[in-house]
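Participant: Here the protein sequences line up with chains A and B, keeping their order.
If you count by the numbering used here, then the first sequence holds residues 545 to 806, one letter each, in order.
If you count by the numbering used here, then the second sequence holds residues 2 to 336, one letter each, in order.
Mixed in with the good hints there might be a few duds.
[As the list claims (entries may be wrong)] Listed below are the simulated DMTMM-like cross-link pairs for lysine to aspartate or glutamate, each with C-alpha atoms no more than 20 angstroms apart in a straight line: (1) B:Lys75 x A:Glu728; (2) A:Lys712 x B:Asp55; (3) B:Lys204 x B:Asp166; (4) B:Lys212 x B:Asp194; (5) B:Lys212 x B:Asp55; (6) B:Lys249 x B:Asp329; (7) B:Lys75 x A:Asp713; (8) A:Lys712 x B:Asp320; (9) B:Lys102 x A:Glu728; (10) B:Lys182 x B:Asp166; (11) A:Lys712 x B:Glu160; (12) A:Lys647 x B:Glu54; (13) B:Lys264 x B:Asp320; (14) B:Lys154 x B:Asp29; (15) B:Lys204 x B:Asp64; (16) B:Lys225 x B:Asp328; (17) A:Lys647 x B:Asp55; (18) B:Lys131 x A:Asp713; (19) B:Lys264 x B:Asp194.
[To be verified] Residues from chain A that face chain B, not an exhaustive set, calculated with beta carbons under 7 angstroms: (20) Glu709; (21) Ile714; (22) Ala717; (23) Arg719; (24) Met720; (25) Gly722; (26) Glu728; (27) Ile730; (28) Pro735; (29) Met736.
Hint data in this document are derived by calculation from the structure and do not stem from the laboratory.
Glycine is no exception: its CB is placed at the ideal position from the N, C-alpha and C atoms.
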Amino acid sequence: MARMVTTRRKVISTAAAWLVGFLIFFPILWMVLASFKTELEAFAIPPSFLFFHWTTENYVTVQERSDYFHHALNSIIIAGGSTLIAMLIAIPAAWSMAFSPTKRTKDILLWMLSTKMMPPVGVLVPIYLIFRTVGLLDTRTGLVFILCLGNLPIVIWMLFTYFKEIPKDILEAARMDGATIGRELIYVLTPMAVPGLASTMLLNLILAWNEAFWTLNLSTLEAAPLTVFIASYSSPEGLFWAKLSAASTLAIAPILVLGWFS
Amino acid sequence: MGQITLQGVQKSFGPVHIIKGADLDIADGSFVVFVGPSGCGKTTLLRLIAGLEDVTGGAILIDGRNVVDVPPAKRGLSMVFQSYALYPHMSVRGNIAFGLKMAGMAKDEINRKVEAAAATLNLTPYLDRKPRELSGGQRQRVAIGRAIVREPKAFLFDEPLSNLDAALRVQMRLEVTRLQKQLGTTAIYVTHDQVEAMTMADKIVVLNSGKIEQYGSPLELYEKPANLFVAGFIGSPKMNFVTGDLAKQQGAATIGVRPEHLKVERDGQGGWHGTVSVAEHLGSDTFLYVDAGPLGMLTARYIGELDLHPGDKVSLIPDPARIHRFDDSGKSIRA
Numbered sequence: 545m546a547r548m549v550t551t552r553r554k555v556i557s558t559a560a561a562w563l564v565g566f567l568i569f570f571p572i573l574w575m576v577l578a579s580f581k582t583e584l585e586a587f588a589i590p591p592s593f594l595f596f597h598w599t600t601e602n603y604v605t606v607q608e609r610s611d612y613f614h615h616a617l618n619s620i621i622i623a624g625g626s627t628l629i630a631m632l633i634a635i636p637a638a639w640s641m642a643f644s645p646t647k648r649t650k651d652i653l654l655w656m657l658s659t660k661m662m663p664p665v666g667v668l669v670p671i672y673l674i675f676r677t678v679g680l681l682d683t684r685t686g687l688v689f690i691l692c693l694g695n696l697p698i699v700i701w702m703l704f705t706y707f708k709e710i711p712k713d714i715l716e717a718a719r720m721d722g723a724t725i726g727r728e729l730i731y732v733l734t735p736m737a738v739p740g741l742a743s744t745m746l747l748n749l750i751l752a753w754n755e756a757f758w759t760l761n762l763s764t765l766e767a768a769p770l771t772v773f774i775a776s777y778s779s780p781e782g783l784f785w786a787k788l789s790a791a792s793t794l795a796i797a798p799i800l801v802l803g804w805f806s
Numbered sequence: 002m003g004q005i006t007l008q009g010v011q012k013s014f015g016p017v018h019i020i021k022g023a024d025l026d027i028a029d030g031s032f033v034v035f036v037g038p039s040g041c042g043k044t045t046l047l048r049l050i051a052g053l054e055d056v057t058g059g060a061i062l063i064d065g066r067n068v069v070d071v072p073p074a075k076r077g078l079s080m081v082f083q084s085y086a087l088y089p090h091m092s093v094r095g096n097i098a099f100g101l102k103m104a105g106m107a108k109d110e111i112n113r114k115v116e117a118a119a120a121t122l123n124l125t126p127y128l129d130r131k132p133r134e135l136s137g138g139q140r141q142r143v144a145i146g147r148a149i150v151r152e153p154k155a156f157l158f159d160e161p162l163s164n165l166d167a168a169l170r171v172q173m174r175l176e177v178t179r180l181q182k183q184l185g186t187t188a189i190y191v192t193h194d195q196v197e198a199m200t201m202a203d204k205i206v207v208l209n210s211g212k213i214e215q216y217g218s219p220l221e222l223y224e225k226p227a228n229l230f231v232a233g234f235i236g237s238p239k240m241n242f243v244t245g246d247l248a249k250q251q252g253a254a255t256i257g258v259r260p261e262h263l264k265v266e267r268d269g270q271g272g273w274h275g276t277v278s279v280a281e282h283l284g285s286d287t288f289l290y291v292d293a294g295p296l297g298m299l300t301a302r303y304i305g306e307l308d309l310h311p312g313d314k315v316s317l318i319p320d321p322a323r324i325h326r327f328d329d330s331g332k333s334i335r336a
């Protein structure tokens, strides 16, 4: 029997979906609202939801105290740069693992994934010392490098699974048609894998944008991205909820917009 | 020109020998079909000729030049795949033009050639569609178009019709044969369907577990099979084989008679006696599966309708001129 979809059922499920959506979105909404409150109102109990004294002073103060655009530019360069380099390395790597695997390909894939199971803090000291010795501390190059390495396993895995889905016959047809490996990648494989490449890129961009462990530990000011900018508002002198919220709202805005429009 | 010669071609995957030394001479302009049971190595042999696999030993000559170290595109061959293998993100035009584009041909010339190929294959109205918007038969035509537009020395077909329904398969079979004759280009065609092999081929290569069992014209294979395997593989229903005293009387280890060469007589006297176990009435033919006691199950084919039913006693009289004799090793004995 076909399932009956009554109007009542539709109304209930729609309402439930909206409720769940609102619950998930609530922390972000709360943060945005808090950013428009005064510091006193921001942690007042009981909290006021909409009826408070709206102000943009937090945004002004945040911009005065620290240079938002400097950090935002760092974030864009670090996230964008590490994603681009990761893709350039991962596309040929995933291609060779998907289309000319050897006996050890599976082992290599698992080994790459296993590196993600290690807590990063376990290698913080050696990496910090290496960075200090070679002069990469608080540089964008250093952060691009470390984030690219950190995300490579996931990027290669994702691309590998996308490439695996492409029938081998089509690549052989391209070879019969006279395409070299490079042209095969450009004209056949990459266009066919565009949806996969796009979602992998977006995921990597988000991961790199939000990465806080390495960015907080390896940069202070020069190369500091937005994560450091947010963290600077949870200072030892006390928590400034409103300013922290304003900083956070500014920090997540670009990636949120990018996620919506892509 | 498209003369292809195989000299002792071998292929192994690790310890497994897929092709155990194949020698073959394919004349320019001929239509050669590789046929055999699944796993016999026919597709592997085709892929070796194409260059998609590397040979383990031996030589492949195309117009007298050894091509074993030449990449696929430089061999001047084009291939039609079982799955069609069309580029899904390109239009029909893009698919057909791809090989020419890779060869660096001028745009006007590409357009002219693509349009000529499309006209030959009735694809002109579909040139700007994507493969997913086409039917199975149309996709097959695009795959063929992609092959002919490059004006290759030879076409390689890897079971190209096996994904089509029965009616379309018959139609495409005719079209492919006609196109090949019209272009006069050498064609190598892999199939497991012996009807396709018999109807399309100038010459058939029968393969069995990596060995060429026989190479000859369709009727040669039917009338003078080289051994038991070819005798059993070519022809439908399968040839009847009888061993024992009856074969010894003929000076052979095994004798074979095709179902169509057994005369069926109801309660007859001479010949081989048996009881009908299954009778298939097709109107045009009647197939009888007869339990002939010590001789085993025998199949007989009668042209037209024969009113016999399970349990009826019959005698089967073999046509003496059409009895095939085989020795202990299975080789055919010629008088």
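Participant: All hints, please: hold or fail.
Facilitator: Hint check:
1. B:Lys75 x A:Glu728: Status holds; Cα separation ~16 angstroms.
2. A:Lys712 x B:Asp55: holds (17 angstroms)
3. B:Lys204 x B:Asp166: Roughly 26 angstroms between the alpha carbons, so the hint for B:Lys204 and B:Asp166 is violated.
4. B:Lys212 x B:Asp194: At roughly 18 angstroms apart (the allowed maximum being 20 angstroms), B:Asp194 and B:Lys212 satisfy the hint.
5. B:Lys212 x B:Asp55: Given that 20 angstroms is the threshold and the Cα spacing comes to 18 angstroms, the pair holds.
6. B:Lys249 x B:Asp329: holds (11 angstroms)
7. B:Lys75 x A:Asp713: Holds - the C-alpha atoms of A:Asp713 and B:Lys75 are around 18 angstroms apart, at most 20 angstroms.
8. A:Lys712 x B:Asp320: Distance of about 51 angstroms is beyond 20 angstroms: violated.
9. B:Lys102 x A:Glu728: Holds, because 13 angstroms separates the two Cα atoms, which is no more than 20 angstroms.
10. B:Lys182 x B:Asp166: violated (24 angstroms)
11. A:Lys712 x B:Glu160: holds (16 angstroms)
12. A:Lys647 x B:Glu54: holds (18 angstroms)
13. B:Lys264 x B:Asp320: holds (7 angstroms)
14. B:Lys154 x B:Asp29: holds (9 angstroms)
15. B:Lys204 x B:Asp64: holds (19 angstroms)
16. B:Lys225 x B:Asp328: Holds, at roughly 14 angstroms.
17. A:Lys647 x B:Asp55: Since the Cα atoms of A:Lys647 and B:Asp55 sit roughly 19 angstroms apart, the hinted pair holds (cutoff 20 angstroms).
18. B:Lys131 x A:Asp713: Answer holds: B:Lys131 to A:Asp713 is near 18 angstroms, not above 20 angstroms.
19. B:Lys264 x B:Asp194: The hint is violated at about 27 angstroms.
20. Glu709: This interface hint is violated because 12 angstroms lies over the 7 angstroms limit.
21. Ile714: holds (5 angstroms)
22. Ala717: It holds, given that the least Cβ distance between A:Ala717 and chain B is near 4 angstroms, below 7 angstroms.
23. Arg719: holds (5 angstroms)
24. Met720: Holds, about 5 angstroms.
25. Gly722: Status holds, d = 3 angstroms.
26. Glu728: Since chain B brings no Cβ nearer than about 10 angstroms to A:Glu728, farther than 7 angstroms, the hint is violated.
27. Ile730: Because about 11 angstroms separates A:Ile730 from the closest Cβ in chain B, which is outside the 7 angstroms limit, the hint is violated.
28. Pro735: Given a least distance of 5 angstroms, the restraint on A:Pro735 holds.
29. Met736: holds (6 angstroms)
Violated hints, in rising order: 3, 8, 10, 19, 20, 26 and 27; the structure is consistent with all others.
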